[in-house]
Structure formats: C-alpha cells, structure tokens
Amino acid sequence: MQSTNEEVRQWLLKQPDWLQEAADRLLKNGALSTADIQDLCAHLKTEQGRKATQHRVFGALAQPPQTCTVLRLKSIDALTGIEGLAPRHPLTFGRSNLTVVYGHNGSGKSSYARLLKKVTGKPRAIELKPNVFLPATQNGQCQITYELDEKSVPCTWIANPAPIEDLRAVDIFDTDEATHYLRNESAAAYTPPVVSLFENLAEVCDLVKQQLQAEEQKLVKALPSLPADFVSTGAGRNYSNLKAEESEPTLNGLLTWTNEDQAALDQVVERLKASDPSALAKQKRARKTQVQQVLTGLEAVEKAFGTVGLESMRTLRSTAQSKRKIATESADVSAAMLENVGSSTWRAMWEAARAYSHEAYVASAFPVTDSGARCVLCHQELSEGAQQRLRSFEAFVQGKLETEARQAEATYEQAKNALPEVWKEELIETRCEAAGLTAGDWPQYLKAFWKSAAGVKAELIADEISAPATPMPGIAEALKTLTQYASQLDTEAAQHDDDAKGIDRSKLGHQKLELEAKQWVVQQADAVRSEVERLKKLKAYEGWKSSANSRSVSQKSAEVAEKVITQGYVKRFNRELQALGATRIKVELVKTKAEKGKVLHRLRLKDVIGKQIIDAVLSEGERRVVALAAFLADLTEKPSNASFIFDDPISSLDQTWEERTIERLVELSKTRQVIVFTHRLSFLGLINEKSEDVSCVHIRQESWGAGESGDVPLYGKKPESALRDLQNTRVNQARKVLQEQGNDTYYPLGKAICSDFRILLERMVEFVLLADVIQRHRRAVNTQGKIQHLAKILPRDCALIEELMSKYSRFEHSQSAEAPVELPKPDELSEDIRRVLEWHSEFSKRPLE
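Numbering (the UniProt record's numbering), first residue to last: 1 to 849.
One or more of the hints may lead you astray.
[Claimed, not checked] Okay, derived cross-link-like pairs now, DMTMM-like style, lysine to aspartate or glutamate, Cα gap no bigger than 25 Å in a straight line:
id, residue 1, residue 2
1, K718, D607
2, K593, D206
3, K536, E559
4, K282, D266
The set of hints was computed from the structure by calculation and includes no laboratory data.
Model the full assembly from the supplied sequences, consistent with the hints where possible.
Encoded structure:
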C-alpha cells in the first residue's frame with residue numbers, strides 16, 4: 001500500500017509549479033517570509049509557474065519526526081497585581097509527576113488556573129484583572145519557573161501581553177475547554193507534519209491571494225465620469241461597458257473622430273439653429289461654387305506646373321529653339337557683309353525696317369529696290385549690290401524654315417502667356433473665406449501652394465535659365481477633400497431645401513447628442529485605452545487569484561487527515577470513554593469539514609431522532625465526562641512531553657466516574673507531569689489511594705490575599721503519612737519547646753498534637769480498620785474489593801483503638817478542676833504514635849483467612 005507521504009508527494013507533483021515551490025520551501029524552512037510570498041506571487045503570474053512540473057523530489061517528506069522536549073512546571077512566585085492572588089510563599093509543584101493543589105472555594109485555585117491559561121497562550125484565556133477590591137498600584141506580574149529538558153528556566157512574566165513561548169505546549173482543561181469541546185467544532189490540537197503541510201499551504205494560498213488582491217487594489221479606475229446627458233447614447237453605453245476583451249478595431253471605431261463626424265455634427269447643429277433653411281441652401285450652393293473655383297485653380301496649376309506640364313513647356317521651348325537654330329544655320333545670304341544675319345536682333349531690326357518702309361513707300365512692297373530707292377534705315381540710295389542684298393534678306397525671311405521657326409516661337413510664347421495666374425495672398429484669403437475654408441490648415445496650405453506655383457511660373461517665364469523648375473507636389477488628396485466638401489455642400493443644400501418643407505427637431509437633437517457623446521468619448525481616448533489595459537490586468541488578476549484558491553489544498557488535506565487524524569482521533573475518544581466508564585453515553589466524535597487545510601471535528605449524539613444538541617440532552621456529569629474524554633483523546637496524541645493541568649476535572653461526576661477519572665490521571669502521570677486543582681476532599685483522598693507518588697499542596701485564603709500555599713491539612717492526608725509527619729516534625733518541635741521554654745509554652749503545642757492525633761485515629765478507623773467501606777458524610781457504601789478486609793479485624797485491634805481514642809478524647813473536652821488530666825509529654829506522644837504506625841503496618845499486611 002502506498003504510504004501517506006508518497007501519496008502526498010505524488011499529489012504535489014500534479015500541482016502548479018508555484019504551489020510545488022511553496023511546499024518545497026515549507027518543508028525545508030518550516031515557514032515562509034514576506035519575500036517568499038512575493039517570490040511565489042511573481043512565479044504564479046508566469047505561464048511556467050501555473051504548469052505542473054515533475055523535477056522536485058520533496059525529500060523532506062520522508063524525514064523522521066523530531067524528538068520532543070520534556071517540559072515541567074516548577075513554581076509560581078513573586079506574584080503581584082493579578083486577580084486576588086497575593087501569596088507570600090511560592091506555589092511549588094514538587095518533583096512528583098502528579099501534583100494536587102487542594103483548596104476551598106475562594107482559595108485562589110481558579111485564579112491560578114486563569115493565570116496559567118494566559119501564560120501558556122491558550123485561545124480561550126481571559127484577560128487577567130488586578131484585585132478589584134484594592135487600588136491598582138502596578139502592572140501585574142509573576143515569576144514562572146519551569147524545567148525544559150531538565151534545565152531550570154526562571155522567567156518574569158508581565159500580565160496580559162504575549163505568553164511564554166516555551167509554555168505553549170502546556171495543556172489545560174477547565175470548564176471553558178469542556179464547553180468548547182461540547183459545543184464547537186474544532187481542529188485537532190496536534191497536527192502531524194504531513195497534515196500541517198496542507199494547513200501551511202492553505203495559509204500560503206491565502207497570503208498569495210492577499211498579495212494579489214493588494215496589487216489588484218492599486219489598479220484604480222481613472223476613467224472620467226460620463227456626463228449624465230450621454231448615458232443613454234450608444235457611445236455612452238460603450239464607454240460605460242468597457243471590457244478587457246475590447247479588440248483594437250473596436251477601440252479604434254470608438255475612439256476615432258473623423259472629418260465626416262465633425263461635418264455631421266456641424267450640419268446637425270446648423271440645421272437646428274437655422275431659421276431660414278432656404279436661404280441657408282442658397283448660401284451652401286454659393287459656397288460650393290467658391291470651392292469649385294478653388295478646385296479649378298488647383299487643377300490648372302497642377303496641370304501646368306506638374307511634371308507633365310513642365311515637360312510640355314520644355315518641349316515647346318526646345319522645339320522653338322531647335323527650329324530657330326535650323327533656320328539660322330540654313331540661311332544663305334551671300335550678299336551679307338556682316339555676321340549673324342537671321343539672329344533675333346537682326347530679325348527685329350528687319351521687321352522694324354519693314355514697318356517703316358510701309359510708311360515711307362506706302363504703295364510699294366517691302367523691300368523697295370526700285371531705281372533711286374533709298375535704304376529705310378540709313379536713307380542712302382541703294383546700289384545695285386544693296387538692292388540685291390535686300391531682296392536676298394526678304395527671301396530668307398519669307399522662307400519655309402524661317403516660317404516654321406517663327407511659328408514654333410510663337411507657340412512657345414503663347415504657352416507661356418497661357419500659364420495659370422498666380423493667386424496673390426489677398427485673393428487666397430478672400431477665396432478661403434468665400435469657400436468656408438478658413439478652419440484648419442487650408443489657408444496656410446493654399447498660400448504655400450501658390451507660393452510654390454509662383455516660383456515654378458517664374459522659372460518657366462525665364463526659360464529656366466538659372467535653374468530647372470521643380471514640379472509641383474501631388475495634390476490628389478487635397479483635390480479629393482475639396483471635391484467631397486463640394487459634394488457635402490451640395491448634399492447639405494438639398495437637405496436645407498427639405499428642411500424648408502418641414503424638420504424633425506427631436507430626431508436631429510438625438511443625432512446631435514449621439515455625435516457629441518462620441519466626440520466626448522474620443523477626447524478621453526488615452527483614459528479609455530488605460531482603462532481597457534486596467535481591465536485586462538484585472539482579468540489576469542482574477543485568473544491568478546483563482547489559481548491561488550486553497551480549495552484543492554483543503555480537499556486533499558481532508559483526505560489525508562481522514563487517514564492520519566480522524567480515524568485515530570475517533571479511536572482514542574472511544575478508548576477514553578471506556579477508560580472513564582462512560583461508554584453507555586450515546587455520543588460520538590465525527591469529522592465535520594475541512595477549512596483552509598484544517599480538518600474540523602465535533603461531538604454529537606448518536607442514534608437520536610432529529611437534530612439534538614448535547615447540552616440539552618446530557619446531564620451535567622455526562623457532559624463533563626464526555627468533554628474530558630474528547631480533551632484527552634485530542635491532546636494525548638501530541639508528541640510532546642509537557643505538563644497537563646486540570647482545573648476541577650471531576651466537578652459534577654458521580655463516584656464511579658470520579659474514580660475512573662482519577663485512575664486515568666494517575667495513568668497519565670506516568671508519562672508526563674499532571675497538575676490538578678480541586679476543592680474536593682474525596683478527590684484528594686482517592687488520588688492518594690490510587691497513587692503512591694503524589695505531591696499535595698494546600699492553598700488558602702489569608703487576610704492579605706488568596707493563593708497562599710502550605711501543607712495539606714490532616715483531613716486531606718493519608719493517615720499513615722500524617723502520623724509520620726506528626727511524629728517526625730511536630731512532636732520533635734514540641735519536645736524542643738518543652739526543654740527550652742517550659743510547660744506553659746509547651747501546653748498549646750502538645751494539646752494541638754493530641755487533638756490532631758485523635759482526628760487521625762478516627763481516619764484510621766475509616767480508612768484502615770473499616771477498609772474505607774464507609775466514610776462520614778459519604779453517601780455511598782463501597783464494598784467492592786474492600787468489604788472482605790473487615791474479616792481481618794481482631795479484638796486486640798479494637799482494644800488498641802478504644803484505648804487510644806479514650807485517652808486522647810479527654811483533651812477534646814473540658815476537664816474537672818478537681819481531677820485534671822495531665823497532658824502527655826513528647827516521649828509519650830511519640831510512643832503512642834509509634835504503636836499506631838506499627839499496628840497499621842501489621843494490619844495492612846495481615847492476610848485474609
């Protein structure tokens with residue numbers, strides 16, 4: 001069969017790596033620091049941390065349990081300011097493993113018990129008070145001396161702060177503990193290491209979860225509050241219902257404010273404000289006309305000064321220059337006496353001469369070369385050669401190449417003259433105003449555009465002599481925008497025409513609100529994106545916190561605890577009931593649930609009809625013995641050898657249960673220190689009978705306060721030990737007083753010894769001669785295992801008792817003045833006590849016939 005440790009190891013290897021790491025650290029270190037929790041928290045957030053891994057061995061699971069220490073309480077001393085306790089002597093618990101602290105009601109027993117509960121850090125310990133009948137003078141304190149592995153440890157303890165850590169292992173049973181076991185469910189007092197691991201793991205889960213929650217709480221929502229007017233709008237609802245799953249396209253749609261959106265809002269606002277929609281329609285159409293003029297101007301410039309336009313101009317210029325060159329080079333005017341005939345300067349001069357000739361020789365064709373004609377330039381008479389040169393020049397000018405050259409040049413000039421007009425800044429501003437393009441960058445854009453156009457035109461006019469003209473940049477986007485704007489104006493004008501016939505203002509108001517809400521949301525774009533990121537982180541934290549849930553740990557803890565704790569706990573409880581003689585009580589111990597790694601149990605009635613409460617069914621004595629059984633079953637499993645303290649454990653128990661309880665306490669004292677506080681004389685007597693090694697301490701109320709310790713009174717001691725104490729201590733003390741101070745001082749001491757001796761003789765009759773079959777003031781007659789001892793009584797036994805009872809009864813009554821009885825001297829007292837002790841020894845050993 002698989003061991004519990006191996007089962008736990010296999011279970012751990014199936015858990016997320018962060019939980020495995022937590023278990024490994026707990027097994028190695030015993031506890032986790034704040035830094036450990038932070039490390040585990042960070043590891044849990046990683047994908048690797050949430051996966052199960054197989055690389056750990058958890059070797060610490062197989063380590064043997066540590067040996068336990070031996071803890072004994074030795075004394076309580078120097079006690080001040082606590083309850084009504086004011087002892088002048090320490091309360092010592094002796095060397096015996098079984099100590100009974102006996103005292104009447106009000107003697108301080110419960111105060112000592114409350115003090116010990118507080119010192120040992122018990123969960124149901126109450127705050128200690130000073131003596132409420134005296135003014136408080138200082139903080140309560142005491143000195144607790146205890147023994148840890150045979151080493152004495154004195155410790156001064158200030159009342160009510162932290163307990164003494166070494167003493168936490170001490171266990172205390174009192175009425176409060178009894179009530180707790182009867183009424184409440186609770187975890188077992190001792191948790192084996194393998195189960196303790198689950199409790200600690202559950203605590204680690206909670207601490208990691210708390211760390212995650214603390215981090216999560218820092219993710220404060222910073223999203224501005226939505227204006228109340230926008231709550232019912234679509235954008236408002238989207239804004240209020242942001243989710244971690246919002247996709248980027250969805251966010252972009254929510255947070256983008258387009259020109260179309262702005263235009264739609266402007267139009268709605270305008271329509272709502274319009275008092276004369278027809279006039280507004282005319283205005284929009286007029287504005288559209290202005291926009292179209294801007295479009296026309298831009299298109300013309302783009303066509304003329306763009307790459308294609310520049311190439312066209314350059315082609316015309318190149319053609320004109322080429323044809324002129326060809327015409328010039330082909331000119332063959334042999335009569336020319338000078339160079340550069342045919343140049344542009346020469347042609348200008350020739351054309352001027354032609355014009356003047358028409359004035360000088362009105363009826364004659366140019367050039368006039370008739371006889372006697374003169375040169376229109378120099379007015380000299382033309383020679384034959386000059387006449388021939390003029391006719392050659394005219395023939396050249398009127399030739400085909402020259403004609404083509406002039407036509408090419410004319411075409412180029414016409415193209416330059418046809419270049420678009422460059423708008424001045426004033427014109428641009430006027431047209432922007434008229435077209436409604438004053439908003440945004442349009443004025444600056446158009447001014448920059450026309451400035452560039454002016455530069456290009458200037459270069460073209462100058463034939464690009466200084467530098468080639470740079471083509472105008474593309475304006476397709478601007479043309480598209482303006483075209484859409486013109487179309488929008490046309491649409492708006494048509495809408496205004498419709499509005500002139502009738503308008504739905506409610507619908508328009510709703511549209512306006514929707515658009516304004518969207519505009520407001522877009523203005524919060526950064527906050528919205530931050531909020532979505534926050535929501536994503538919150539979702540991640542929810543997943544991480546779910547991973548840190550301790551439920552699976554608690555479930556496994558319940559399984560393991562069922563095997564390791566519950567089954568053994570139930571068996572021990574049943575054994576304790578049997579040991580205490582309470583098996584007839586129909587009660588059982590059951591597991592109720594597992595919570596945070598702890599397995600809880602409680603007592604309940606069995607074989608009952610309906611739901612019944614123990615308190616309402618069992619008697620006070622039954623409740624007490626059942627609670628004691630549960631307490632012992634719970635705590636005897638602890639691997640510690642620490643003191644057990646019982647405050648009045650057998651209150652309300654009948655004789656059978658009282659004897660069984662005493663027997664159980666005596667048995668318990670064989671393995672550890674047991675301290676019992678009681679006010680029952682019968683308990684004191686019984687425990688002295690049941691145990692040969694018991695220390696008895698008597699505490700009492702004195703005038704200065706309660707809790708004063710001293711010797712147990714005679715009626716609380718065994719007769720034999722009381723007689724020996726009387727002989728060895730008090731008789732010797734009286735002998736010394738008689739010798740040193742005389743009869744007067746001796747008399748009260750001797751009389752007290754006589755009185756106590758007589759009391760002890762009576763107890764000898766009850767406990768020895770009559771074998772404790774009957775006792776004064778005891779209801780029960782105990783015959784089992786005792787009555788046969790009455791057969792040992794002989795006449796000489798009765799004679800001895802009769803003799804001594806008669807002798808010492810005289811000192812209990814007033815004496816005749818004429819026949820006074822002389823008080824026996826110490827030697828006589830010692831001899832009579834010796835006779836009784838010898839008789840006790842012989843009678844106890846006397847066999848039954």
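Checked hints:
1. K718 / D607: violated, 45 Å
2. K593 / D206: holds, 18 Å
3. K536 / E559: Distance of about 37 Å is beyond 25 Å: violated.
4. K282 / D266: With Cα atoms ~17 Å apart, K282 and D266 stay inside 25 Å; holds.
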